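Undergrad: This is what each chain is made of:
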Amino acid sequence: MSRLLPVLGNIAVLVAGLAALFGLPAFAETYVIINATIFASFAILALSLALIWGYAGILCFGQAAFFGLGGYTYAVAAINFGDTTGAAALAVALPALFAALLGYFMFWGRISDVYLGVITLTVSLILYRFVNQTAGEQWNIGEAPLGGFNGIPSTPILNWPGRPGEQLAPENIFSLAAGLLILVYFGCKALLATRFGRVVVAIRENEARVALLGYDTRRYKLAIFVVGGAVAGLSGLMFANSVFVSPTMFSLPVSGQIIIWVIIGGLGTLIGPVIGCILMQVLTNWLGTLNQVPGFGWVDPNLVLGVILMVFVLLVPKGLMALAADAVRWVVRNLPFPRRGKVPEGRKGDVRSASATGSHLESVHTSPFRRFAPPSPSGGRKSSA
Amino acid sequence: MPIRRRRLLTSAAAGLGAASVGPFVIRDLRAQDVLKIAGIHDTSGGLDIYGKQMVATMDLAVSEINAKGGLLGKQVKLINYDPQSNIQFYTQYATEAATKEKVAVVHGGITSASREAIRPLLKRFNTLYFYNTLYEGGVCDRNIFCTGSTPAQTVEKLMSYVMKKWGKKVYTIAADYNYGQITAKWIKKYTQDNGGEVVATDFFPLDVTDFGPTIKKIQAAKPDLILAPLVGAAHISFYRQWAAAGMNKQIPLASTTFGNEVVITSPEEHNGIHVVFGYLEGINTPENKAFVETIHTKYNIPHMTELAAMTYHGVHLWAEGVRKANSIDRMKVIEALESGLTFAGPAGKTTLDAKTHHNILDVYIGEAKDKKFVVLEKFPVQTPADTAAVCDLKKNPNDNKQYVIDVKT
Amino acid sequence: MDYAAILALQICSAVASLVLISLGLAVIFGMMRVINLAHGEFLMLGGYAAITAYNNGVNLWLAMLIVAPLTVGLFGIVVERLIIRHLYGRLIDTMLATWGLSLAMIGFVTVVFGNTVSGISAPLGSLTIGAYRTGAYEVFLVLVAAVLLVAGWAVLRFTRLGLIARGTMQNAAMAAALGVSPSLVYAVTFGVGAALSGLVGGLLAPLSGVVPTIGAAYIAKAFITVISGGAAILSGTAIASGLLGTINTAMTFAFTPVLGEVALLAAAVILLRILPQGITGRFFQRSL
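Residue numbers (UniProt numbering), protein chains in the order written: chain A, 1 to 385; chain B, 1 to 409; chain C, 1 to 288.
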């Protein structure tokens, strides 16, 4: 029974994904398809952080950097090349390369925790500032103007490989985005099931112990960080094809949004952040249609989002998936018919890891003091290692 | 597929052609007694200061149209979307307005980025689009009408006015994006045309709040006057810090963007600043006084800029087009609007230019005085010469891009 | 000559502004290991408190120096009791919760005050240095930054409150064992940090004005300064501000404001790579 659950879960995800992939273009109206394309590209972005934060314990506050880099790389390359196929490949490769450089810089410097968060945040801010001031003509890359604050509105849409000029229709773009989302989701699953994936999760649990077992933890962290960067770049590529590229792709609100999706969906799961992402997108979308009467009665979306975020961190820290899984488990346990054996504690599929993602999710302690005796003045964590 | 469905609906006005999809038919039949139009304006986030007033004037225009019996015998229903100062939502709402609500026209967009995000979409979905914000000029597309002023209409008048008054040495501090960059070029051109010189041009990203170093750099350069096309909430800090240093008494300042700032800054900080717009609240006509009164009291908006007034003009211009075409069919309305339609309202007389789809409007030079603008001089019937230099939709009706206007200096 | 003087003053002013916007955050981070991402909105709230009081007839100095810190300080204590208290030791969770708080505050202030609250002009007039003029208020803010640093140091060094605070910083469990009520210390610390933010928000209002979204202009810089500074509240903030402020101003004068900002950020990244625990994680470890 307990071994069956994850398999069933995978099948359910696959079926839902395929249903959306083939069902939507056939039946839905255009605006639903366009929205769904944007949701799918964001869901890929959510997966990129779900992977590196939820499974590798690397909290990247600047995941938007790779997202934006993917979008800009695609736009600039596509305008210059004419054919978009090479541009699409570059849009994944360049963010991955950038992640490799940044990761090397950070992990070989033994930077971790909040300091890692600050560096990634700062790097995304630098990119944001830089791109934001490229309105002048001196910032044209080949044929492509970077456009500063206004972005690159004339981003070419993907064409069929090898046939420049034959652009994909919105339905095709949706199919591509949804297909990629399914692919990335199961790709992440597969990656985590390999020996490499298990070492990465082990590093999240206890880096020192893994290092003592003879693994060079920096390499594993770097590798998973690069995968995360590539996936974020891919999502930037799809976003460029459904909206267009502008400096806001690099901005703090985007980075933060990704973190919200992961937290709401459930840290340490893959499907949770995808669901969290789609729910939040639907919600903010709906909030924007509320204010029909000018002059009074404004519902402020910021207020709503802020309250939701606080409520989740305080009351549902494990996220929606864990909540749902708890509910399912409760029902299973209280089923009227007798079962063979008891559900072993250690096997609960994805959900288990949500409660084990590190100290910040260990919620129940007695005294506030025990939890954060600050590092002693002489030896900062890991800095002297 | 969606395009075909939409075309069917508009041509077969009874909606009979769409019988293939049951529920939609019912909805569209019911939708017959109203005529839907959409507004997409940021009413939350950093741009809400402009978005809220634009929604208010749009609502006013629609209710005036409805009070007079609506259009084509139907009431106009306004659907407002709030993209929350986020480009992504512009894309989503424009698609929704065009394909789900099948609106007759979309008014909206504040930044050029938001306009360029939805312009191609609305063209693809054959939905008419009005952009009512002052911007850098150059958009050339038959599906869009731009009712705001562009730099050639405003900067030329302003430069000759202030240089006559204050002197020949100009220092420009501009917002670092397309509008600022292009406006800075126009400032340079007209400064030279008037026999002056721009001693320096500094650009500031939209989130810069600390202008201390710049204020000192300006003092070192000793200009006769400052031109400040600064934009947004962060840049208001400049006017405060400028006044705090006592410089507002030393070097006079003019701006093409200082609008709502007049409510937020204090009289000591803004008195004497010269501005140029296609609309000022201080315009002394009965139409405008009634208009200002309604917006202030009924909608609780403390101050209006050109953006709000041109939104009002834009909706009325569109309504004139529909009346003249006697249809909401997109091409018929466009042709009607291209016939030199005019609307006389609070901003004076505005006429749509068939060649550029931009507005021929009256331009006002004003001075900030105790939280209001006093009109100093009016320049009637200014043509959009900058866009006209690159765009001729009569000759090239299929043009579809924003040209970067090459300013010769 | 007077250009050199004005340049020096500008550097002082840039450093002071970093100190001011970071101090409240630094107190809370240094004492409690809590990163308050609503810090920018605490500043914003201070600005609104000062301006609302002033518009209702309170003397400007009272509004900025008393009303603003008091309002935000009380608000901070409420926030600590309702939210932060449940999240001690969970650094990331406190960041997320306070970030939610920051969004909610932006929304709430927009709903209550709207977006067109008029500001106040800077008092004190202007100063003339050689051929240059500068706001006297700018110089006043440099002094305030210095006074706050010295006063903070004196409180920590000489008072019983400071002793308790330092004890809690060094060994919280031991301090608790010696009879200090941890929950009280934390509530007070958070309140003091918030009050400092409120004070600074009030003081900056005449220069930056108030809009609900103004916090975003401060938070990233404050965050980066505090983390670069490291664990020591005062010296860390002061040294990091000095370094980053100087780099920023020099690059702004030499090139453009954008390059100044980018140089500041790049310097912080390199600094953290070399000193992963911030400046006071390696140097001046015993300082306050």
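Quick caveat, the hints were computed from the structure, so don't treat them as lab data. From a predicted model like this one, the values you see are computed outputs, not experimental measurements. Check before you lean on any hint, since a few could be wrong.
[To be verified] Listed next, the stretches of chain B that the computed footprint assigns to chain C, with coverage defined by at least 3 CB atoms under 8 Å from CB atoms of chain C:
#, stretch
1, 241–248
2, 260–274
[Unchecked claim] Interface residues of chain A toward chain B, partial, derived using beta-carbon atoms under 7 Å:
#, residue
3, 25
4, 30
5, 35
6, 132
7, 133
8, 138
9, 139
10, 143
11, 148
12, 153
13, 157
14, 243
15, 301
For each residue, glycine too, the CB sits at the ideal point set by N, CA and C.
Undergrad: Can you give the numbers of the hints that this structure goes against, from lowest to highest?
TA: 3, 8, 9, 10 and 13
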